[in-house]
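*Asks:* Chains as they are written, first to last, in the working numbering: chain A, 13 to 409; chain B, -2 to 161; chain C, 977 to 1079.
Hints in this document: simulated from the structure, not taken from any laboratory.
Hints may contain errors.
Unchecked claim - Straight-line alpha carbon distances no greater than 30 Å define the calculated BS3-like cross-link-like pairs of lysine-lysine that follow:
| # | chain 1 | residue 1 | chain 2 | residue 2 |
| --- | --- | --- | --- | --- |
| 1 | C | Lys1064 | B | Lys158 |
| 2 | A | Lys158 | C | Lys1033 |
| 3 | A | Lys89 | A | Lys47 |
| 4 | A | Lys75 | A | Lys387 |
| 5 | B | Lys158 | A | Lys158 |
| 6 | A | Lys409 | A | Lys47 |
| 7 | C | Lys1033 | A | Lys387 |
| 8 | A | Lys320 | A | Lys47 |
| 9 | A | Lys89 | B | Lys158 |
The structure displayed is predicted, hence computed values, not measured ones.
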Amino acid sequence: MELLDSFIFISIIKAAVIFAVLMTTLAYLQWVERKVIAHVQVRPGPYRVGPHGLLQPLADVIKLLTKEDLLPPYVNKPLYLLAPFLAITMALLSISVIPFGPEIKVGPVTTWMQLTDLNVGVLFILAVSSMGVYGIALAGWASNNKYALIGGLRSSAQMISYELPMSLAIAAPLLISNTLSLRQLVETQAGGIFNWNILHGPFPQIVSFVIFMIAAFAETNRVPFDLPEAENELVAGFHTEYSSMKFASFFMAEYSNMITVSALATLLFLGGWMAPWPTAYGSSLVPTFIFAVAGVTALYHGVNATRKRDKVTFPVFGIIFLVIAGVFLLPVVQSWLLPLFWFAAKTGAILFLFMWVRATLPRFRYDQLMGFTWKFLFPAAMLNLLVTSFLVAWTTK
Amino acid sequence: MDVILFLIFALIAVVCAINVVIQTHPISSALSLVGVMGSLAVLYLLLGAEFIAAAQVIVYAGAIMVLFIFVIMLLNAGAETRKGRSYLIPGAPLLIVFLGLMAYYVQRMFPGSTMVRFGGFQGGGPRDIGTALFTTYLLPFEVTSILILVAIIGAIVLARKEIE
Amino acid sequence: MMTAVPISWFLTLSAILFALGVAGFLFRRNIITVFMSIELMLNAVNLSFVTFSYQHKEVSGHLFTFFVMVVAAAEAAVGLAIILTVFKNRSTLNIDDVNSMKN
């Protein structure tokens, strides 16, 4: 019992669980992205590898692992090997302070659904994302290739330029919540949707949310700011000379950064793992409702399927969704499953926004991108911070 | 536990600092300096300076050193060729003797009166820094904002292309 | 002594880093490395400030560190801009070669 209660043992278990879930989520996030972009472009997307392409990430992982891991002779070997390692380490490190839910009891142990809570949690995430710039800059330099170097320099310049409006957009809701610890940030937003930072306080933080999302798109090198790494620009930018697992590390780092900024947006603006209205009015039935609707729709499409394969896969998915809907009704799992559902739903909505934008918008030219941040976004973020602080100071006794 | 942490990160800091001075290529020096700053950030956490530790990583390691690395990459600075005789042979033993004397006198001036424990100083959080910054040290704070403005103007004027 | 670190150890570390910064500043020829030695000296001084702040249980040491960081940032920005200009005019980063005085 002493061993089970000890801090180190619990932390190791939590770290293992978070790592496993994160790795699976990263792989399936790529599947979701391909499906979303495909359906926006009215085509089926990955379909053949497993039912509805669900084994496609597995196929991709096997392909990346078995590809020849090339070490070109003209690269700067220590930096070439260090760069993807830095990128993925910093990307995974920032997940360690994100709270996924409230305090739960698992067997004899009571613990928070968060790996560790720092009372400078927001600063920690900012610090780790500043260090993530090194992975890209060093990858561009070590490749000994002028296109990779320019791509790496452009990407790092873009990332550090957009860190400024992002930090100012983060500072505004912190003035309302009055804490830098992520756990307390969520707890100050308790009590329903009108207590979330985006709608609460003397100045609803909608402008901060928009500025944060734009800066987050640029920080993670996503469309419309993905010029430094696009395939048809600069011969794929800073990861031109990378293959196999090192290339996969850069992509895992990018998706992991996406998850981190979406989680940060959820925690700062959308109330973290809090439900939009109190449980007394039935908010615990929402996940059941959603999954039940999904299950019924899948069953309906399964019965009226056009392709022969769909006659089997859709009903199976329908039954799986109905079972999950039933699981959400069990009171024994509701204490930890419901907050986790709300957190995942909000983060998932923002990730869907990332993918939706990728499928829709063209990309910016580099000078348009840099001009946008220095001439518009940074002054706008400063103005937003000024207005927020003025209103907070005016309404606080 | 605190002693082990201190020794590990102090050792990393000293090794990286020696690397900064010894390496010929500026990129290796710059990355070693990032290592020094990272290990110093951990030592600040040991001393209870949580805000300063985060600020060290965000400002120093994450912005200033990125600027250094940019300039090194843009100028394509090659490895330094050593011409003339090396000053290392008389210099290194002299440095070690000087350091030994300084360490001895520092130890004599501060006998083990204050011991540093993790959690010994709780006043380094953002709330305390903010309170002091905006009450006692308000004038230096405003002056540093003007200093940054001057630096921005200076850097832009110096580095822009001359219009022919 | 096994659970706590004497404060003189931090000050000795600060002294070692400062001395290494001085050595780099005096012995290196590449101007960027000289600049980095200056940053190393500033970091050593920051460690001293935070250590004394721990000893007196004050937060003023942290604030001085903050101001030193701001000054270092401003200095790095302007200094690197100067280095870029010197490189544009002289095409060398060796501080022995930017000497246009007659011998």
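*Asks:* Now look at each hint and say whether the structure bears it out.
*Replies:* A quick look at each hint next to the structure:
For the proposed pair C/Lys1064 and B/Lys158, the alpha carbon gap of about 11 Å is at most 30 Å, so the pair holds. Distance check on the hinted pair: A/Lys158 and C/Lys1033 sit about 52 Å apart at the alpha-carbon level, beyond 30 Å; violated. Taking the CA atoms of A/Lys89 and A/Lys47, the gap is near 37 Å; set against the 30 Å cutoff, the hint is violated. Distance check on the hinted pair: A/Lys75 and A/Lys387 sit about 44 Å apart at the alpha-carbon level, beyond 30 Å; violated.
Between B/Lys158 and A/Lys158 the alpha-carbon distance is near 22 Å, which keeps this suggested pair within the 30 Å criterion. For the suggested pair A/Lys409 and A/Lys47, the alpha carbons sit about 51 Å apart, so the restraint of at most 30 Å is broken. Taking the CA atoms of C/Lys1033 and A/Lys387, the gap is about 43 Å. The hint is violated against a cut of 30 Å. Taking the CA atoms of A/Lys320 and A/Lys47, the gap is about 20 Å. The hint holds against a cut of 30 Å.
Taking the CA atoms of A/Lys89 and B/Lys158, the gap is near 35 Å; set against the 30 Å cutoff, the hint is violated.
Checked against the numbered hints above, the structure breaks hints 2, 3, 4, 6, 7 and 9 and satisfies the rest.
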